[in-house]
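Below, each chain spelled out in residue letters.
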Amino acid sequence: MSNNRIIDLKNISISLGGEQILKDMNLYINDGEFITLLGPSGCGKTTTLRIIAGFLEADSGDVYFSGKRINGVPPHKRKVNTIFQRYALFPHLNVYENVAFGLRVQKLPEKEIRDTVGDMLRTVNLSGFEKRNVDSLSGGQQQRVAIARALAVRPKVLLLDEPLGALDLKLRKDMQVELKNIQKELGITFVYVTHDQEEALSMSDTVVVMDSGVIQQTGSPLDIYNEPKNAFVADFIGESNIIDGVMRRDLLAEFSGRRFECLDKGFARGEPVDVVIRPEDVDVVPVEKGVLSGVVTSVTFKGVHFEIIVDVKGFKWMIQTTDCEAVGNTIGISVDPDAIHIMKKSMYSGLYGDYSSFSDELELLSDVSYEKEGLPDE
Amino acid sequence: MNKKGWGKKIAVAPYTVWMALFVVVPIVLVVYYAFTDQSGALSIQNIRSILDYRETFFISIQLALLSTVICLLMAYPVAFSISRMKAYRQQTMVMLVMLPMWMNFLIRTYAWMTILEGNGLINRFLHLLGFEGFNMINTNGAVVLGMVYNFLPYMLLPIYTVLTKIDKSTVEAAQDLGANRVSVFRRIYLPLSVPGVISGITMVFVPAVSTFVISKLLGGGKKFLIGDIIENYFLGSTGSINYNIGAALSLVLMLLILVSMTVMNHFDKDESAGFM
Ligand SMILES: Nc1ncnc2c1ncn2[C@@H]1O[C@H](COP(=O)(O)OP(=O)(O)OP(=O)(O)O)[C@@H](O)[C@H]1O
Ligand SMILES: [Mg+2]
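Protein chains in written order, with the numbering used here: chain A, 1 to 378; chain B, 379 to 654.
Extracted from the complex, chain A is given alone in its bound form (with noise of 0.2 Å):
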């Protein structure tokens, strides 16, 4: 085992009021690294970062910290804190007490129990709440103060389980920056849940991405990015066109009745494949040059672009482009073969990917509206 593997999940699984959870998952954390658990909402992220912490025992599986399996050790004595989707302050203190709970439990001598929590409060930014009563803070300064909490104790890992989650978007932006620049400083590792993407993308150094209890996908926010492993990873990461395909050989795609040359290999020849295609790596072009043409059926101004969906053929597809183009207008399409991703089939093939009943009042449910019952078992 790497020693630089601080935390370890080997074939975790879990079953919770008889529904199964988490399903063998394998997972490592490297010391000191920003890693993300993304996923939609009740696909066992919170689970995880129990198992973690120890308030969950695993029903199978071993967890190890630092090279050692730490099964059946109390929270209490794991180098692990966390930070609660609800932050869980402790009522009859205020933040002063709160920030020095876990020194005191060490029954650290007074004086560096007060520069501890200074120096914490400092950091959070709110220097001179000390007395105040934790029921009379904002939701923005509750959040600070059990950060402040955490990092009081010097963990070695954070849990932080949705931090953000009740912050208004301005404010969510802010401590952002600041959560990234406390963990930078520290050199603490943080294993973070969220269920935003954008979030998961601009903070970290690994995303996890997880469904329905089972890791679809670990890499770097880039390669999640460019090449997701499967329809659900291409759909919950920013937009996709995901397009029925078929490998004619190593580099050759087949789809929308087009060959198109791509930098994907290693598939069967003639084997069906889903074709991704970001909106923004889409070319619009005039008719006559394009590989594919299709009707514009409606266009959104975004600032930036227009978000506009062509039907090719009966498939919509999403575009991103700066011109302005008019409902009912044939455009021409062209694809780069660099704009081409390849992923095998998997047990989403054919439920996402696809603007046919796209709306922007759809897009607005879209971060609740992933529920796992749709999925036919593989």
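These aren't lab readings, by the way, just hints derived from the structure by calculation.
Where hints are given, some of them may not hold.
Stated by the list, open to error - Some chain A residues near chain B, calculated using beta-carbon distances under 7 Å:
1) V73
2) P75
3) H76
4) N81
5) F84
6) H92
7) G102
8) V153
9) Q320
10) C324
11) A326
12) Y352
Every value quoted in this text rests on a predicted model; they were computed, and no experiment measured them.
The beta carbon of each residue, even a glycine, is placed where N, CA and C say it ideally should be.
Based on the hints, put chain B with the ligands in the right spot on chain A.
Showing chain B with the ligands alone in chain A's frame:
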């Protein structure tokens, strides 16, 4: 005033009338009797004569305090362990605690009489085994036992309620920060259950300090608690009835309770704001 305001007024009217009738009027009457003599003239003679009952006040408070402490020591661990059981078990346990309360207070106390009597259950059993009996009835101990038995649920329920309301995630947060079981208890459960303890203490101490039934039945009716004396002034034999002294004693008892409750509430606030 708008319609809504009137509606509100009408809605609370029954309560206002109720309060006036059954709270304010009696208190006014008590005060009136306490400061008048039997002819109706203003007098502080009643209040003065209270000094004669110093001993009785003292022993009443002493026994009530003792019962309250015993109730607390018994109820807390029970409430704590019930609050940690599975939900359906908790319901059964709380039912069991409440069960005796479904029986009339007097009947329960009579039952204890027959158990503790000179030739009551316990002594007969002891005789059967060839031991000598004890004198249990008509002692301070019997009175305290009666108080503890009767008032225990009033201590247990508020503590239990407060304990179940403690957010599980607060406890997990404490464990997460390194607190072991003892530490979690001392730093989370204990301070967060103070409000329940306070209301438990109030709910036991107040009836205990003013009881007369328990002392009458289990204490041999020797008029040794303040409640007995007050009862005697209001409901005793014709010669001994004196509403004025009775009212004066009641007033002092009420003030005593009021003061101790205020002190307790202050204690509660300090406790939960700056514990440790
Ligand atoms: N104690 C429990 N008993 C039964 N089911 C549970 C229990 N705890 C969690 N679950 C279920 O396990 C699944 C995963 O829960 P988990 O809290 O890990 O989701 P999550 O990924 O953190 O979701 P969210 O983003 O909404 O916080 C959910 O379907 C949830 O209902
Ligand atoms: Mg969660």
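Enumerated hints in conflict with the structure, sorted upward: Failing hints, ascending: 1, 9, 10, 11 and 12.
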